[in-house]
Structures are given as C-alpha cells and as structure tokens.
Amino acid sequence: MRRGVVRAGIRIVARIEVKSEITGTVWQLRSKPGDKVEEGDTLIVIESMKMEIPVIAEEGGTVKEILVTEKDPVAEGQVVAILEG
Amino acid sequence: MPFEDLLKQLRERTERVLAMGGADKLARRKAEGHLNARERIDYLIDKASFIESGRFAVGIRPEVSDKTPADGKVAGFARIAGREVALVSNDFTVLGASSSVTNMKKIRHVKQAAAQRGLPLIFLGESSGARMPDRMGAAGRAIIAQDPTEYQRLRETPWVSALLGACYGSSTWYSAMSDFVVMRKGAIMAIASPGVTSIAINKPIEPEELGGWKLLTGISGLADLAVDSDEQALDAIKRFLSYLPSHNSEPPPEAAVAPGSGEPCRGMLEIVPESRHQVYDVRKVIKAIADLGTCFELKERYGKSVATVLARLDGKSVGFIANNPLFKGGALDADACQKVTSFMVLCDSFNVPLVFLVDVPGFLIGVEGEMRGMPGKVINWMNAMSQVTVPKITVILRKSYGQAYINMACGKGADEVALWPTADLGFMDPAASVNVLHGLRQEDDPERFRQLVAEVQRDTSAWALAGLYEAQNVIDPRDTRDYLIRALQVHRLRLKNGVGGHRLANWPTSY
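One line per chain: the protein sequences are A and B, in this order. Mapping the first sequence onto the numbering used here, position 20 (from 1) lands on 20, and the numbers just tick up by one. One gets the numbering used here by counting positions in the second sequence from 1 and adding 85 to each.
Same shape as in the complex, but just chain A (with noise of 0.2 Å):
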C-alpha cells in the first residue's frame, strides 16, 4: 500500500489494495464506492472460523472499487477492495 505524496506541490493519488488477511466468506459489505474512510475502518465482513472478520483500511482513502459481493468466497491475502489515498 502506498499512501500520496506530494510532489511539486501536485498531489499524486495512489492506488491501495486493500487485502483480506483470512480465507472465508464475504458476510457484509459496510462500504460502497465513493465513501470516505479513515484508518481503522471496516469496510467489508468476512465470516470466518465462525467469526465476523473484519477488513480495515490501513490508511485512510476513498473507496474506488469493492471487488466482492454478499456469500463470495475470498483467500487469505485476496485484493477485496480499491481505495485511493
């Protein structure tokens, strides 16, 4: 993940892949793109080991793209979610 830097007083928007750190089923999505969120923010649930999972920005950003749905099953270290910081 790379957060924008400012060059040249023009601001660069980087892309952030926003993985899951966890194999299992997509539950809720609790972001849509075009949201603004900070870091430490869930943006999608995962139900695994019984548990809901949680997936949490890093760094804060717009959401551009969630790349699941509801019931899609995702892999440990799977790109769920585009921001733009």
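A portion of the hints provided could be inaccurate.
Claimed, not checked - Rough simulated footprint, nothing fancy, chain B against chain A, three-plus residues with beta-carbon under 8 Å:
#1 40-50
#2 65-76
As the list claims (entries may be wrong) - Label-pair distances were calculated between CB atoms; the ranges are:
#3 B/Glu117 x A/Lys19: 26 to 36 Å
#4 A/Leu67 x B/Arg324: 15 to 25 Å
#5 B/Leu553 x A/Gln28: 54 to 64 Å
#6 B/Val521 x A/Glu39: 37 to 47 Å
#7 A/Gly40 x B/Lys270: 12 to 22 Å
#8 B/Asp564 x A/Gly77: 19 to 29 Å
#9 A/Asp72 x B/Lys110: 52 to 62 Å
#10 B/Gly552 x A/Asp72: 38 to 48 Å
Source of the hints: derived by calculation from the structure; they are not laboratory data. The beta carbon of each residue, even a glycine, is placed where N, CA and C say it ideally should be.
Chain A is already provided as a structure; the job is to place chain B on it using the hints.
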C-alpha cells in the same frame, strides 16, 4: 601561566572533535530535519550527564587521523531519568560512521562496562558498514569482525537500538541483537546498501523495498516501532527503558499510579461482546486493565493477531500477551508465534511478570504456515514458555481452543488461571464440533443440532473447568484489574527479591 600551551591544545582539539564531519555536512542534515550524532545524545540523556569515552580516538591509518574525530562513533556513559546507561551514537558525517579498528575498540569497551556494571546499552544507528580500505585483504580480516563473541548476547542488561538513517554493517547487526528497535520512517536497515545490493542482484532496488519501515515493522518484524522523527525515536527509547531494570539482577523500577486507574475496567462489558462470533480490539481491554497511560505496545504491525504490550499494574511493570480477535479472528500464525516468544524472552530476562489474556480460536492452519515451519514455531513458543521463571497469570476471556490452550498459558502454564463466565474451553467452535463429531449440519435437523450444540457447550463452560480445579477462579470481567493486581502480589518473587532465573537469557534474538 603553567600548563597554558597544553590546555590550549586540549581546548582546540576538543573543538575540532565537536565540529564532527564539518559545518557543511552538519548543515545539510539540519536542513533535512535530522539531528546529528551529538544532538541525539543531548536529546536522549539527562542534562550534562554525558561522560565521553574516546573523544580523542581517531582512525588508525595516519592519512585519515585528521578526518576522523572520535573515529565516527561517539561513545560513552550518561544518565536517563537518573539511571546510568552506556551508549554509542554513530556519526555519519565522519566517513559514514564506518566500522574501523579504533571505533570497534570503543564499542567493545562500553559494551563490556555495560555488562559488568549493569547498565542498559543504547545504539543510535546510522552507519555505512566496514571501512575501506582498512577491511580489505587478509590483513583487514585480521582486525575487523573476526571474533564471534563480538555478537554474543547474554542479556545481562537491556539493549536498545534506534535506526536513524542509512543502517548497514554495525548498526544492522546491533539492532538485530537488541531487545527493542525503533526506527525513524525513511531510515533503511539491510545487510548491504541498495547500491551494493542492486549490483549483486543485477537489478535496481528501491531502498524502502529493501529495508524500509513497512518491511521491518510489518514483514520481518526486526523493528518494534516506526516513528516520524529522531526525537520521537529517542523518546521511545526512554519510554521502553522505563519499564525495565538497569540489569537482570534487580526488579524493574516502580512508578506512581495515575489517579482514576481503576475506573476504565468498570466499563469492560462494553468493550468485549458476549457473543463469540463478534470481534473486538484486545488492546482496549489491556488499556482498561493497566494503570492509566502506561501501555506501550511492541511490534504493533507484526503478527497482529496477538498483542504484546508493556504496561504497569499498581505501579509495577508487567508484560501483556493477548490474543487479538480483531485480526485474523485471533488465530495465531507464524509471525504471532515469533512475536510471543521474543516477548517472553524479554520479560523473563528482565524480571517482568507476564499476564496472558486468552481468546484464541487456535493456530491458523494452511499451507503458508506449514511452509514457514509452523509446528517448529509452536513448539519453540511452548519450550520457551516452560522455561519462563517470572510469575505468569492467565485470564481466559472467551475461547481457548485446541493446542493453543497450552501455548496461551492455560492449565498448568500459569501460576493462577482465572476465567470470565464467557470462557469456552472446547477443542473447536461448538457448532463445528457438532459437524465433526456427529456429522450433522444445522440445515439437516435444526432442533437436534441445537440440542447437540447445547450439550457440547455444557462440557466446555467456565464452570466445567473451574469444577476440575484446572482454573482457580471465575471472575466478573469488571474485576479483572483488581484480580490481576492481587494475584501478582501473591506471586511476587519474594525468595529472590523480585529476580527471576533468566533461563532464556541466551535465546536467539530472532530466528
């Protein structure tokens, strides 16, 4: 005046040393917002407490003796919060603080004094590696890095390292041997510089990708903390040392308890959900239990499904090892295993009691863990824990499943085990148990499934474990702080005046 010429020489030579690598280089650093080697010492220590060792030492080759004030590594002794420490601050403006015969003698001297006199040792890292041409050829081999005991670590006293710029060679090795490593974002630590590395692997490499803060704090785990400035890094060193004794033969220092420290724990029922299906951030639980404002988390970005936090309880240092369901549901992976083991080594070596907060669904199973040798890491943890000699108190908050039960110091692993009424001691989740044991899925026969789940849960409750006296107490979650303070009072190391056995003192610093 007698002595006049000699004293003049002393003054002039002192001025030359304090000018370090020259005004231009120092000005450039200042413009970049970084402190120089001597400013770092000044910021770190109690005012006017520095006694330098080797101020007039210089490089051993005559042609560089005028260009090597203090031979590029400022060493000596000072006080932090009134306690003596030994330190080495690398001066990158002097030949890149490269390792040479003379400055390695300086390191050896303060290191030896630290071990023999019981002083924490601090390395402020920023170095380019072995000095050339000193290290070249067989003659160079005979004088630099030929003695493995240079890198022996027996944990007589705490070692702390800061990575504050380009760190290769000496700064790299000493940070990998330290008990605590803090880095300034933008600093790089690696075996060799990006330039040398890119020639060796025949492709360009970005410094941040080779040894930047995200790699060190999130992937290799060799740094405990990344901060934004030199000053914050030095503050972190002071903070870390405040939890530890100066050496392993005394208990850690005590601190006053902030007023109101007992209050947050009364709100515990709002922090932890009763349902085992919902997650929470265990660091909020630790904050609620510990003395106000005393939590200092190590390796926050590494192995996040377990939190390792230094804190104080009733003014006394304590190390929390707590499963964090917020990440991976609290399932322990390879990184988490290494993190816990290194934290136990730290606490046991420096007489800091341990508190385990348990809510663990088990070890994270899967191919990645097996490829990383997960069974070996699970057993390393268990072996290290069996050799811990400081008091251990365990509180089982919710689940404690599978083999992880023993790793998290449940059962005979702790001096006292307390249970919240929510404790769940199954081998796995009750619904999953019914799937496995009875081959029944919920949708097959919901009523029978519900009955079987209830039956499994009866045998896995807090009451079942307490009934067998495998746990000594069942407590109201809101009483957790009071319980831990009381249990740690009982289990103080009275017979040895608060000093443990340090059987992990020569455990590897990373593995």
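Given a hinted range of 38 to 48 Å, is it respected by the beta-carbon distance of B/Gly552 and A/Asp72? 44 Å, holds
If you check the beta carbons of B/Val521 and A/Glu39, does the distance land in 37 to 47 Å? This hint holds: roughly 39 Å between Cβ atoms.
Honestly, do B/Asp564 and A/Gly77 meet the 19 to 29 Å range at C-beta? For A/Gly77 against B/Asp564, whose Cβ atoms are near 41 Å apart, the range 19 to 29 Å is violated.
With a cut-off of 8 Å between beta carbons, are at least three residues of the region 40-50 of chain A near chain B? holds (count 3)
So does A/Leu67 sit 15 to 25 Å from B/Arg324, Cβ to Cβ? Given range 15 to 25 Å: violated, Cβ gap about 40 Å.
Distance restraint hint 26 to 36 Å, applied to the beta-carbon atoms of B/Glu117 and A/Lys19: Check passed, 34 Å falls within 26 to 36 Å.
Assuming the hint says 12 to 22 Å, is it satisfied by the Cβ distance from A/Gly40 to B/Lys270 or not? 19 Å, holds
Would you say the C-beta atoms of A/Asp72 and B/Lys110 sit inside 52 to 62 Å of each other? 56 Å, holds
Residues of the region 65-76 of chain A with Cβ under 8 Å from chain B, three needed, outcome: Three-residue rule not met by the region 65-76 of chain A, so violated; n is 1.
Cβ distance range 54 to 64 Å for B/Leu553 and A/Gln28, holds or violated: 39 Å, violated
Checked against the numbered hints above, the structure violates hints 2, 4, 5 and 8; every other hint is satisfied.
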